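Model the placement of chain B on the given structure of chain A, informed by the hints.
2 protein chains.
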Amino acid sequence: MSIEDILLEIRKRETFLITTHVNPEGDAIGSSLALALALSSIGKKVEVITQDPVPKGLKFLPSSDTIKQAKMIDRRFDAVITVDCGDLERVGFLKIDNIPGDILINIDHHVTNKGFGAVNFVEDAVASAQLIYDIMKRLNISLTPDIATCIYTAIMTETGSFRYSNTTSETFKIAQEMVSAGAMPWNIAEQIFNRNNIGRIKLLGLILESLDRSDDGKISWITVKEQMYRETGTSKEDVEDFINFPRSIEGVEVAILFRESNQGWKISLRSNGKVDVSNMALEFGGGGHSMAAGFFIQGGHEEVKKRVVDSARTFL
Amino acid sequence: MSIEDILLEIRKRETFLITTHVNPEGDAIGSSLALALALSSIGKKVEVITQDPVPKGLKFLPSSDTIKQAKMIDRRFDAVITVDCGDLERVGFLKIDNIPGDILINIDHHVTNKGFGAVNFVEDAVASAQLIYDIMKRLNISLTPDIATCIYTAIMTETGSFRYSNTTSETFKIAQEMVSAGAMPWNIAEQIFNRNNIGRIKLLGLILESLDRSDDGKISWITVKEQMYRETGTSKEDVEDFINFPRSIEGVEVAILFRESNQGWKISLRSNGKVDVSNMALEFGGGGHSMAAGFFIQGGHEEVKKRVVDSARTFL
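These protein sequences, in sequence, are chains A and B.
Using the working numbering, read the first sequence as starting at 1 and increasing by one per residue.
Using the working numbering, read the second sequence as starting at 1 and increasing by one per residue.
Same shape as in the complex, but just chain A (with noise of 0.2 angstroms):
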């Protein structure tokens, strides 16, 4: 299976829905809005429907406000694709003896992708509207300033503006082109990067305070507690990222996130590149990649954290 059968179902068929997985990040939202502006471009009939909402940090993108949300599709479309989704259970409302569409497309750069669809194009790229734009590239379909901002933002979200380990010369020559055909770094990363609220970097500051690390220096970790939360009136979603806090500091290999929740703890880890924290997690019964991973925990907040504290050690 290859790019060739996804061109050739694309251009055979009429009406497409077109879905990604829950909790939408940039490459998930980019991607889906790219491809559906490409194929309305060629005169397609195309829905872009998702279970979670766009993140109000991506509500810019163009067309966003045209995605909408659904639990269940009781429809029928030529084709449904997934974009990025590693399996289709991130996806949440499809099941795979209920696809509301004559063929099952699967496109997506998670290389761990088995290929559940009819069609798959699973390939290693920095994101998945990569992916997008070599199908464009193929359909001979034109780059708008519109489909340039989407794939531009997801390349960039997934590089961590650049900075990640995926980014290579073929990231930089994509991003060219993007800006070549109107997409615009300095707006879309405002949008990204400079729309926090005050609370957000209240809470900052006040999870900040409860900075620590190993003896070694090794381990580092913040802990976010409900009533930070009511204090600076923000929520969860505001956590987001922090974690890049502890794990900047020089020394460090695995940083973690302690986050209270109504029954427990959710913990989220990093690694700076020698402890597979995915490992680590699977101690816990949860899950990830390498470099990022987490799990949920019951018990107060001293046990579980010298109990997390105590695991993270083991890896070291």
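This list has only true hints and no planted wrong ones.
No copy is singled out in the list; a pair is fine if it fits within one copy or between any two copies.
DSS-like cross-link-like pairs, simulated, lysine-lysine; straight-line CA separation at most 25 angstroms:
no., residue 1, residue 2
1, K12, K137
2, K56, K274
3, K59, K236
4, K306, K202
5, K173, K137
6, K218, K59
7, K218, K56
8, K225, K305
9, K225, K202
10, K59, K274
11, K202, K266
12, K202, K236
Calculated from the structure, these hints are not laboratory results.
Fair warning: this is a prediction, and the values are worked out from it, not measured in the lab.
Just chain B now, with coordinates in the frame of chain A:
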């Protein structure tokens, strides 16, 4: 005057002093080292001498340990090249009537540069490093991984990791070339962004407690007191870029950093585009650019805060 004159002078001369401005950052150090490595590779004798030392975060740059510090130069060179200096005073140790070389060459991307050199290559570019690259290409000097690392770092830091308004399609083209030539985006970003010490992060926590804003939300500020350095084992260097936190809040037009110093307050200003903060700084005897400016002011904390915030209001 143009690049042609520079090429001519470089070709016919043998020994070079390369220097840059006080408080050097990524572009200053990256450009100086790239030029030094390039000229050395074609057999020239080159020394890089600066008034201030290489900042800790840039010591990973190839050959950065060859940069020497001086307050005056008592030898003579065939040519003295200033890189990234908007005017000669920015170098610190050079006086126009006492240049330790037969010719003064001025390479800079600040369009306000008046051309203080005997030959000048002043052109609007994302970073001075881009001009160094232009010179290299014209001299047929090949990129090495070391040179590419210096140029990439200069461009990456000067664009705030491709987020500032100076980021264009040309910027990405150069970044792509540098990565193809051996610059490693992830490693460089780790050196630049993930070498925090724990004190700096704790300092950020303390500073964010001081976060405040005007009733209309258009002016936001943070305050650093001397005691915070003592409490966290940090120094004023560690405050660098914290002003981006108030600046990142939605609705903020002017961000202000109040930094307690020996005899008063050092004020940094950042604009989100609407207000030209250099005009505001001028009123207090300071200076800067439209987006970033600063000044020094004496007085008590509350009084100074009121004066500066009141002044900001008049510029909205």
